[in-house]
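Number of protein chains: 2
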Amino acid sequence: MSDYKVGIFGLGAMGFGMAGALHRAGLETHGFDINVDAVAKFKAVGGAEGVLDEVASTLDAAVIVVVNAVQTEAVLFGADGIAGKLSKGTAVIACATVAPDFAREMAQCCGDLGLLYLDAPVSGGTVKAAEGTLSILAAGTPATFQKAGPALDAMSAKVFALGDEAGAGSSMKAVNQMLTGVQIAAMAEAMTFGMTQGVAPAQFLEVISQCAGNSWALESRAPSIVNGDYHPLSAVDIWPKDLGIVLDIAKTAKFSAPITAAALQQYLAASGSGLGGEHDSAVAKVYARNAGLTLPGQD
Amino acid sequence: MSDYKVGIFGLGAMGFGMAGALHRAGLETHGFDINVDAVAKFKAVGGAEGVLDEVASTLDAAVIVVVNAVQTEAVLFGADGIAGKLSKGTAVIACATVAPDFAREMAQCCGDLGLLYLDAPVSGGTVKAAEGTLSILAAGTPATFQKAGPALDAMSAKVFALGDEAGAGSSMKAVNQMLTGVQIAAMAEAMTFGMTQGVAPAQFLEVISQCAGNSWALESRAPSIVNGDYHPLSAVDIWPKDLGIVLDIAKTAKFSAPITAAALQQYLAASGSGLGGEHDSAVAKVYARNAGLTLPGQD
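Taken in sequence, the protein lines are chains S and G. Following the working numbering, the numbering of the first sequence begins with 1442 at its first residue and continues without gaps. Following the working numbering, the numbering of the second sequence begins with 1442 at its first residue and continues without gaps.
For the record, the hints were derived by calculation from the structure and aren't laboratory data. Worth double-checking, as some hints may not be accurate.
The list cannot tell twin chains apart, which means a pair is met if one copy fits it or any two copies do.
Stated by the list, open to error - Listed next, the in silico SDA-like pairs over lysine to any residue satisfying Cα-Cα at most 20 Å (straight line):
#1 Lys1529 to Pro1583
#2 Lys1526 to Ala1497
#3 Lys1695 to Ala1710
#4 Lys1529 to Gln1549
Input sequences plus hints: build the corresponding full structure.
What follows is the structure in structure tokens.
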């Protein structure tokens, strides 16, 4: 066991896997969540004991894996926020998808307290989170990268160092989410269009994955539609949130993004029709319903 | 030299490369085009001598590599069409992107004359055409595949046999074009959006190609924008044509395709503003102009 101590704040689908990866790497890992069951579950698989007020000042790094900017700010600066409890020089590794301006604001507020803020959104989903093989899109000072290093190494296969200033990680994450969200919906559009022309979903997956239409989104999501399995590895409701952030940033920059806007409408239709908790490939159900098609597993 | 004889009709960017691949495979290859310079150029690199009216009845396969359905029909059944000149049992390998219904109609008309029609659109672009490493999305009777075999082998790395009935190849091609066209434009949208957030095009290419936003379109087209090189390996004007075909088919099937429709508008804006003859990655110039950005090579 290393003497490097990590607190991880948020033990949801992503955070629980990342906590396990930190623990397996030999770091003393304390898990925190408003869901006490999640905390107990993590302690049962090796999470360290200790209450927040006793542990906080001893941490080398605080990893924040919550849903959005509001929750990130609450963890740091809310009523029982950790920012005032951490010691100077602690790395704050902020992993939620947030606007670049928010990341810059948090970095400033943390810096004022002597904390080392790393703008560090992640890419890779729950499977890679649990494996400790995420990609991390990170920006912060050299001292911050150095302090955060053992935690980053434990959680990721690849850390992209995108510069000294917080915000650059969140910018790249926004770009990645824009393209991924569009391409999952576009794959669903093309697969269901193919069904109207006699192309079965399994044949679509086999052939298009070897042609110019291929993408990470297709390889990752098309099998779930082919198998009729909508277990939410990554839920539909991620996309109204993340594409909403992207289009808010774009609007501020007066950037016209018509393809992203069209994709967002399809996710909103999926969420609005009760599919928000299903795997994001369930956006295909919107297309199928609109065209009178029956997807695999629906008959 | 094999005694298998091929005529290739259409010596444009794709056809000229495919003709070369047929010749290099040892097949006696006759090239035809309304552009006499292209015919002379092919003869200079090994194309066989002989005028159409003498050669046609001796061909084992006629490969048609023209722009669209109108030209395909003209080659076969126009004023000087070849359908009546070919011998029974000749394979007609039709490679243009066309509607599945058109492919079925041509197969019927050719079948009535004893010709073996292969619905055989290709994927892979001019580089793979010249290498003889295209993917061919083919549908036709077993006898047709057998007769066409030597020509298909010479032109392709992979032949997808999509069934006995013409139309299935064109259906799959439409699906592939839908997704490829969307993903090239989406890549341009995300890359230029990133520029508004301080992400340079080269950094976008380096990072997103290793993240969930990756696609064949990104790997194939992003380098051209990074390098400011819009030499038309595949022109902008391909997409108003091919996405137009896709959306016509979708309309007939009452299939709503909002993401494809949004992508088409961006290509139309590119073509309408004078970029139709540039590489299709030039759709990024529409986004850049709309957002007041300067792409690499534009300053």
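A quick look at each hint next to the structure:
no.	hint	result
1	Lys1529 to Pro1583	within (16 Å within a copy, 75 Å between copies)
2	Lys1526 to Ala1497	within (6 Å within a copy, 86 Å between copies)
3	Lys1695 to Ala1710	between (25 Å within a copy, 18 Å between copies)
4	Lys1529 to Gln1549	within (14 Å within a copy, 79 Å between copies)
In this structure, none of the earlier numbered hints is contradicted; all agree with it.
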